[in-house]
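S.K.: Chain A: place on chain B using the hints.
Number of protein chains: 2
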Amino acid sequence: MSQRVRVHLFSVSRDGYGSGEGQSLDHPFGHIDPGVFHDWAFSTAFLAGDPEKPGSRGLDDYIVRDYSRNIGAEIMGRNKFSPYRGPGESESWQGWWGDDPPFHTPVFVLTHFPRTSITLSDTTFHFLNSTPEEALLMAKAAANGKDIRIGGGVATIRQFLEAELIDEMHIAVIPFDAGRGERFWNGPGDLYDRYHHEKVASLSGVTHHFFWRRV
Amino acid sequence: MSQRVRVHLFSVSRDGYGSGEGQSLDHPFGHIDPGVFHDWAFSTAFLAGDPEKPGSRGLDDYIVRDYSRNIGAEIMGRNKFSPYRGPGESESWQGWWGDDPPFHTPVFVLTHFPRTSITLSDTTFHFLNSTPEEALLMAKAAANGKDIRIGGGVATIRQFLEAELIDEMHIAVIPFDAGRGERFWNGPGDLYDRYHHEKVASLSGVTHHFFWRRV
Chain B
118 MSQRVRVHLF SVSRDGYGSG EGQSLDHPFG HIDPGVFHDW AFSTAFLAGD
168 PEKPGSRGLD DYIVRDYSRN IGAEIMGRNK FSPYRGPGES ESWQGWWGDD
218 PPFHTPVFVL THFPRTSITL SDTTFHFLNS TPEEALLMAK AAANGKDIRI
268 GGGVATIRQF LEAELIDEMH IAVIPFDAGR GERFWNGPGD LYDRYHHEKV
318 ASLSGVTHHF FWRRV
Chain A
118 MSQRVRVHLF SVSRDGYGSG EGQSLDHPFG HIDPGVFHDW AFSTAFLAGD
168 PEKPGSRGLD DYIVRDYSRN IGAEIMGRNK FSPYRGPGES ESWQGWWGDD
218 PPFHTPVFVL THFPRTSITL SDTTFHFLNS TPEEALLMAK AAANGKDIRI
268 GGGVATIRQF LEAELIDEMH IAVIPFDAGR GERFWNGPGD LYDRYHHEKV
318 ASLSGVTHHF FWRRV
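Protein sequences appear in the order of chains B and A. Heads up: the first sequence at position 64 corresponds to 181 in the numbering used here, and the numbers run straight through without jumps. Heads up: the second sequence at position 209 corresponds to 326 in the numbering used here, and the numbers run straight through without jumps.
Worth flagging that the hints you see were computed from the coordinates, not collected in a lab. There could be a bad hint or two in this list.
What the hints assert, rightly or not - Here are the simulated lysine-lysine pairs, BS3-like style, with alpha carbons at most 30 angstroms apart:
{"#": "1", "chain 1": "B", "residue 1": "K257", "chain 2": "A", "residue 2": "K170"}
{"#": "2", "chain 1": "B", "residue 1": "K263", "chain 2": "A", "residue 2": "K170"}
{"#": "3", "chain 1": "A", "residue 1": "K316", "chain 2": "A", "residue 2": "K263"}
{"#": "4", "chain 1": "A", "residue 1": "K170", "chain 2": "B", "residue 2": "K316"}
{"#": "5", "chain 1": "B", "residue 1": "K316", "chain 2": "B", "residue 2": "K170"}
{"#": "6", "chain 1": "A", "residue 1": "K316", "chain 2": "B", "residue 2": "K316"}
{"#": "7", "chain 1": "B", "residue 1": "K263", "chain 2": "A", "residue 2": "K263"}
{"#": "8", "chain 1": "B", "residue 1": "K263", "chain 2": "B", "residue 2": "K316"}
{"#": "9", "chain 1": "B", "residue 1": "K170", "chain 2": "A", "residue 2": "K257"}
{"#": "10", "chain 1": "B", "residue 1": "K170", "chain 2": "A", "residue 2": "K263"}
{"#": "11", "chain 1": "A", "residue 1": "K316", "chain 2": "A", "residue 2": "K170"}
{"#": "12", "chain 1": "B", "residue 1": "K170", "chain 2": "A", "residue 2": "K316"}
All values reported here derive from a predicted model rather than from experimental measurement.
Extracted from the complex, chain B is given alone in its bound form (with noise of 0.2 angstroms):
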């Protein structure tokens, strides 16, 4: 079977956005809270850290579960990587995921401003200066055989979708108005006419939409 080229878990919200505007570092999604785009993981069994609280086992949790189902890449936007805009990015920063980053494989890091790779615990991000088709190349290449993830931002999706390089694609829209910031799509209407649609509501109000390429 061949590897695919996958979008999991990137949350939108209601109307459209999938960042908030005015990312720093202590504002990773702008003038959003992370956690109106995250709580509902977070409140799944396989996410939730809190024994007292042991979290839902429903639809929520089986998408989150897949999370890293046959995935041998990621390929993200250096937004998703760091806070700095243009050159200049410090070499101490390592992403904002500690010592122990949820990837667990290449991470493959979009950037006009290539530095050093790092690795940490068993993740090793790798900067390039490339076009989504170059970074898709190099992913598969080192995926051992397994599927890649596009994990956002934002412009990264969106660059990989016009260049039409995403088979599959699962987006959770919550249940909240941004207002403003970075817009992901008009709706999923933007587009029915390459991929295949469904979409379910889950308990916790959060709607879930899968996308697969028409053949």
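M.R.: Relative to chain B, chain A alone:
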């Protein structure tokens, strides 16, 4: 994390039957065509066999892919393993699944008529004349720390439910009335006192019910 006891991908008719009437070698689900219970699963990308019809990649596909996740052993009833009733099953009967059964773990078959274990590819069937509690102890010991799937049929799942041994359950309700057969439930409400419940409808017409034990 402790080993969980799970039911997964168990299909039930809209009117609550898990099998038809009159199971036999030619009619494993009795008067109901097995396709009625299983076609939805074989229409997913994960199980679709025909490259011309690549299958869906929405909710049904997610759920089907999860069938083997972290499962280390299955327990099934003799009526799932065999069309024979009572003693006198031929030792040449090796189950419905051919040379490479889809379990790939130890499988414990509850029966009043034990026989010698059988290994087919990476599945080994053991035959036990024991209580659900005893079978579960053996399955847990064999599962290498992973979860136990209670594979059916109806009588076996009901027995484990009554013994309060099941932690979580996925039931697929098929848009079809069986009229008669082996009754699984009156409806999901039978379980609300002991389980959390979430219900989601998929594009295929199947409704997925998730249950997880109240703590």
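S.K.: Work down the list of hints and note, for each, if the structure agrees.
M.R.: Against the structure, the hints come out as follows:
| no. | hint | in the structure |
| --- | --- | --- |
| 1 | K257/B x K170/A | holds (25 angstroms) |
| 2 | K263/B x K170/A | holds (22 angstroms) |
| 3 | K316/A x K263/A | holds (26 angstroms) |
| 4 | K170/A x K316/B | holds (21 angstroms) |
| 5 | K316/B x K170/B | holds (28 angstroms) |
| 6 | K316/A x K316/B | holds (14 angstroms) |
| 7 | K263/B x K263/A | holds (23 angstroms) |
| 8 | K263/B x K316/B | holds (26 angstroms) |
| 9 | K170/B x K257/A | holds (25 angstroms) |
| 10 | K170/B x K263/A | holds (22 angstroms) |
| 11 | K316/A x K170/A | holds (28 angstroms) |
| 12 | K170/B x K316/A | holds (22 angstroms) |
Comparing the model with each numbered hint stated earlier shows that all of them hold.
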